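Trainee: Sequence:
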Amino acid sequence: MQDTNNNVFRLVRIIFSGSLLCSIILLGYLSWIEYTWFFVLAGFVVICVILLYIMHGLYKKEKSIEWFLTVAVFNILLIVPELGLRSIDFQYAYEFGIQFGYPRRINFVNFVPDSKLFWKLPASAEGVNSLGFPGDEIDIPKKDKVYRIIFLGDSCTAQGYPHIVASLLKENQPCQGGAYESVNLSISGYSSYQGRVLADLYASKLEPDLIVIYYGWNDHWLAYGSVDSEKNIFPLPNNLLTIALSAYENIRILQAARKIIHIFSVTQQTKPINEVRVPLHQYRQNLTMIHAIFQRQNIPVMFITAPTAHYRLGVPTPLIKQKFAPDKKFVVARHREYNQTVRMVAAATGAFILDLEAQCNKIENMHEIFKKDGIHFTPYGLEYIAQQIAVFIEKNILLNL
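Here the sequence shown stands for residues -9 to 391, numbered as in the working numbering.
Just so you know, not all the hints are guaranteed correct.
Simulated crosslink set (BS3-like; lysine-lysine; CA at most 27 Å straight-line) [stated by the list, open to error]:
{"#": "1", "residue 1": "LYS133", "residue 2": "LYS195"}
{"#": "2", "residue 1": "LYS133", "residue 2": "LYS160"}
{"#": "3", "residue 1": "LYS221", "residue 2": "LYS313"}
{"#": "4", "residue 1": "LYS261", "residue 2": "LYS249"}
{"#": "5", "residue 1": "LYS135", "residue 2": "LYS106"}
{"#": "6", "residue 1": "LYS313", "residue 2": "LYS362"}
{"#": "7", "residue 1": "LYS132", "residue 2": "LYS110"}
{"#": "8", "residue 1": "LYS385", "residue 2": "LYS135"}
{"#": "9", "residue 1": "LYS311", "residue 2": "LYS261"}
Hints listed in this document are in silico derivations from the structure and should not be mistaken for laboratory results.
Computed from a predicted structure; not experimentally measured.
All chains, full assembly: derive it from the sequences and hints.
Mentor: Structure follows, in structure tokens:
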């Protein structure tokens, strides 16, 4: 009988220790990648030592130790896979019930859901203000003698040229004892639909002196499920559900399960529909409405046509493979069409317009201005774009104040 108990004890101890060792090895690897995991590793090792001590004590007292097998199985089936997925940086994010060509599921890891704007940046992130946008906190009410420029745009604007514009204006056009301030209400993936929402939300609250608008790319990318104006996202009703959703989003084995389900359940939602995110007539309406909202407060509006290297260097193949558009001709034709709409809206409303598309078409070395995607800007390109905007503001707006 004693030999049987000894054998059972040894077997349970081997299985239990082997199970825990798998987690310790993975935690060690994660600690090597990111030092904060070292504290998790240390705590886990302490717990393992305590559990082995308890197991030995129960065995000496001839108490049941079979429940340690349950812990070992739980560890192998849940904790080890979770740590393994984290060690390879596997992520498959929850999409908050909506889908886009961009942001894709994985990109939503960097955002928080918003019932009106669909997504914003987490206010807790470095370099993000309490409104969920890049930049410092925005003074409300605005300080005296501050000339505030609000930039509405997509990832091109979110790259940071608004900050450079403010610096250039400060150098070239001293603000009579005051200061120039750029407020960047731009986030990757935003379309003119979100710009219209932003105008409704912040037209008067932020007390702008000038509005600069740069949209188009995301507007003419293919839509998923429905166009932007028909999408809905619902706010979380309570803190408990928020915590549950956070766990649902961040536990990697649940992410892996969602990916498996997604692979084997191909639905219309996973494919683009035969429409763009913001159809052309809605794009025109959005831009017109944004202008009207600010015009009612006598705030000048400046439209910018989005420049590109696609006309000269061609459309990169990855944009088609990622299903932003059905083919390369579509990208070129739609981008020209949407920029022409910007010109038409500016002419109809009397708004200012900086035709960056036309200006950049004259540049010989496109690689100096644009990244490989032909959409976003290089560091030099950001300086160039900011310079064009600052000069335009100086000559056409500030000198007429």
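Trainee: Work down the list of hints and note, for each, if the structure agrees.
Mentor: Each hint, compared with the structure:
Straight-line distance between C-alpha atoms of LYS133 and LYS195 comes to about 13 Å, which keeps the hinted pair within the 27 Å bound. Taking the CA atoms of LYS133 and LYS160, the gap is near 16 Å; set against the 27 Å cutoff, the hint holds. With a C-alpha separation of about 19 Å, the suggested pair LYS221 and LYS313 falls inside the 27 Å cut-off, and the hint holds. Between LYS261 and LYS249 the CA atoms are separated by roughly 15 Å; this keeps the pair inside 27 Å, and the hint holds.
Between LYS135 and LYS106, the direct Cα distance comes to roughly 32 Å. Violation of the 27 Å bound is thereby established for this hinted pair. For the proposed pair LYS313 and LYS362, the alpha carbon gap of about 17 Å is at most 27 Å, so the pair holds. Of the supplied pair hints, the one linking LYS132 and LYS110 holds, its CA atoms being roughly 23 Å apart against a limit of 27 Å. A threshold of 27 Å between alpha carbons decides the hint, and for LYS385 with LYS135 the separation of about 20 Å falls inside it, so the pair holds.
Annotation: proposed proximity of LYS311 to LYS261 holds, straight-line Cα distance about 12 Å (limit 27 Å).
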